[in-house]
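Asks: Letter by letter, the chains look like this.
Protein chains: 2
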Amino acid sequence: MAERDLIEHIRRLAARSTPPWLEVGIGDDAAVARLPGGARIVATCDMVIEGVHFQPGAPPAAIGRKAVARALSDLAAMAARPLCALTAVNFGAQKDTEWMKDLTDALWRACAQFGAPLVGGDIAGSAGPICVTVTAIGLPGPAGIVRRSGARPGDRVCVTGALGGSISGGRHLRFTPRLREAIQLAERFDIHAMIDVSDGLSTDLLHIAEESGVGMELEAEAIPVHPDALAGGGGGDPVRRALEDGEDYELVFCTCERDATEAARTGVLGTPVSIIGRVRRGRRSLIVWPDGRRQTLKATGWEHLKS
Amino acid sequence: MAERDLIEHIRRLAARSTPPWLEVGIGDDAAVARLPGGARIVATCDMVIEGVHFQPGAPPAAIGRKAVARALSDLAAMAARPLCALTAVNFGAQKDTEWMKDLTDALWRACAQFGAPLVGGDIAGSAGPICVTVTAIGLPGPAGIVRRSGARPGDRVCVTGALGGSISGGRHLRFTPRLREAIQLAERFDIHAMIDVSDGLSTDLLHIAEESGVGMELEAEAIPVHPDALAGGGGGDPVRRALEDGEDYELVFCTCERDATEAARTGVLGTPVSIIGRVRRGRRSLIVWPDGRRQTLKATGWEHLKS
Chain V
1 MAERDLIEHI
11 RRLAARSTPP
21 WLEVGIGDDA
31 AVARLPGGAR
41 IVATCDMVIE
51 GVHFQPGAPP
61 AAIGRKAVAR
71 ALSDLAAMAA
81 RPLCALTAVN
91 FGAQKDTEWM
101 KDLTDALWRA
111 CAQFGAPLVG
121 GDIAGSAGPI
131 CVTVTAIGLP
141 GPAGIVRRSG
151 ARPGDRVCVT
161 GALGGSISGG
171 RHLRFTPRLR
181 EAIQLAERFD
191 IHAMIDVSDG
201 LSTDLLHIAE
211 ESGVGMELEA
221 EAIPVHPDAL
231 AGGGGGDPVR
241 RALEDGEDYE
251 LVFCTCERDA
261 TEAARTGVLG
271 TPVSIIGRVR
281 RGRRSLIVWP
291 DGRRQTLKAT
301 GWEHLKS
Chain C
1 MAERDLIEHI
11 RRLAARSTPP
21 WLEVGIGDDA
31 AVARLPGGAR
41 IVATCDMVIE
51 GVHFQPGAPP
61 AAIGRKAVAR
71 ALSDLAAMAA
81 RPLCALTAVN
91 FGAQKDTEWM
101 KDLTDALWRA
111 CAQFGAPLVG
121 GDIAGSAGPI
131 CVTVTAIGLP
141 GPAGIVRRSG
151 ARPGDRVCVT
161 GALGGSISGG
171 RHLRFTPRLR
181 EAIQLAERFD
191 IHAMIDVSDG
201 LSTDLLHIAE
211 ESGVGMELEA
221 EAIPVHPDAL
231 AGGGGGDPVR
241 RALEDGEDYE
251 LVFCTCERDA
261 TEAARTGVLG
271 TPVSIIGRVR
281 RGRRSLIVWP
291 DGRRQTLKAT
301 GWEHLKS
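Chains V and C are the protein sequences, given in the same order. According to the working numbering, the residues represented by the first sequence are 1 to 307, in order. According to the working numbering, the residues represented by the second sequence are 1 to 307, in order.
Since the hints were derived computationally from the structure, they do not count as laboratory data. Since the structure is predicted, the reported quantities are computational estimates derived from the model, not experimental observations. Glycine residues also receive a C-beta, built at the ideal position from the N, C-alpha and C atoms. Mixed in with the good hints, there may be bad ones.
Said to hold, decoys possible - Okay, derived cross-link-like pairs now, SDA-like style, lysine to any residue, Cα gap no bigger than 25 Å in a straight line:
1. Lys-298(C) - Arg-240(C)
2. Lys-101(V) - Leu-13(C)
3. Lys-95(V) - Ile-26(C)
Said to hold, decoys possible - Covered by chain V, according to a simulated footprint, are these stretches of chain C (three or more residues, beta-carbon under 8 Å):
4. 9-20
5. 36-48
6. 151-165
Construct the complete structure from the given sequences, taking the supplied hints into account.
Replies: Written as structure tokens, this is what we have:
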């Protein structure tokens, strides 16, 4: 697969040399750079493309909102707080000035609403699909930065909200990035590792596993399945959809047993928190079914064990 | 024209509310944000699109280099020094993994070469043209930030290097952003206003005029015309081409008579500096021809005076 190949290639480039002021580089949800004087900034950059991240004909207000929310969800995954945003809009074949203004307004509004005022950008037209890039710049939250790489064997795996059916149910165009939830979780608990669910629970949880050098064990029964994954257009097994659909923009995090229990008991700012598994020694990741079957967890769901 | 309409619309949005920590927002080459604690960052975001900023078939190494150099040229225009960069690459219809790696390598290399290590980004594929967005983050240079808005009547207008024929001559794919020159100019002289020539000398100089609330008077004879504008594919009057072609990525700046004279005498880091005009009271901008004719300077060149 070209994308995985390319990401590996980029990681090799990144591994060759890391500037001393770069605390977190490629391989996490956002980069963390230390400025002369000691202040730190958190930065990330994300695209939404017509036909890939939204359907042709989607309203400009929804496109703008999604573009901003996606980038800010990466700041949430680091427990960072937003400072500002920049955007580059390729309007593609869209030539209607009113439509363009509506998209611009939506970007502006979403940036203001989520606490990252728009401070600059670039606009252009071309042939082809619309492509909106948003760069979000933030600051470490009060409890500091949470990375992907700190999960420890024995940790519990937790998730906010419920998963699956985000695209078929239209949530991917309406979600609010879990910025406040992430900061509150990091203030109340000792969060060892965190990521936002954009590619799907299994894929994103395996990112934590890989960066932390651990395995994961998911309990299928404990995964909170969103009603959108039960009904509507998508079809398929609801747990599989919760594992694979992606674009949920919920937070998955690893913390000790006690903190996980407390988070699950109280939730965070009105959003439920579920304990869905635990961190294992070694590199193998599993999903355990209600009938006791254990299957290897793969980035796109699961596979039958060979043995 | 849709783009001008849209830019006006964005400026109106920006004028409605400016966060107190935002020292420079939309309307300059880059934004300047003050962090809690007092540190300042400079940030800008720029796209290059296949068929708009480079021809289909352009080598990936040239595309990557141009994407990075363009964004960093905006930092140069503020006399900022680069810290880091992020990039979002939409590979469009390009599916060749080796080609993708070559573009990635070029982005990586250019970022390292120009002093803004690549710290993050996003990749995706879609139909349509290739689109590369680069966000450059910098810090104020030792002499602070230079804006577009400080030109004063009586200032001289100066430019580095020579202008015109950048696209027909291929310079737009090879240029080095004037980062070091900008910092040295700002350290040696009291630069009142500066911009990089991306849209064309007349257009960009009028940006300074507009932001500074002044007029400009250009001496046609004094404009340094690049050999690429004299020969080769483009055709047309060489001075007109130096005024309009754009993509020169030279620095245009306004400073007092004495500093301008000294800059023109010494150049900067081996690059010549030419005095090409002066700043006038009022909002009217002119170009003066060798035979004494005076014409109104327009964003796309010049127009016959109505009177």
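Asks: Return the numbers of the hints above that this structure violates; sort them in rising order.
Replies: 6
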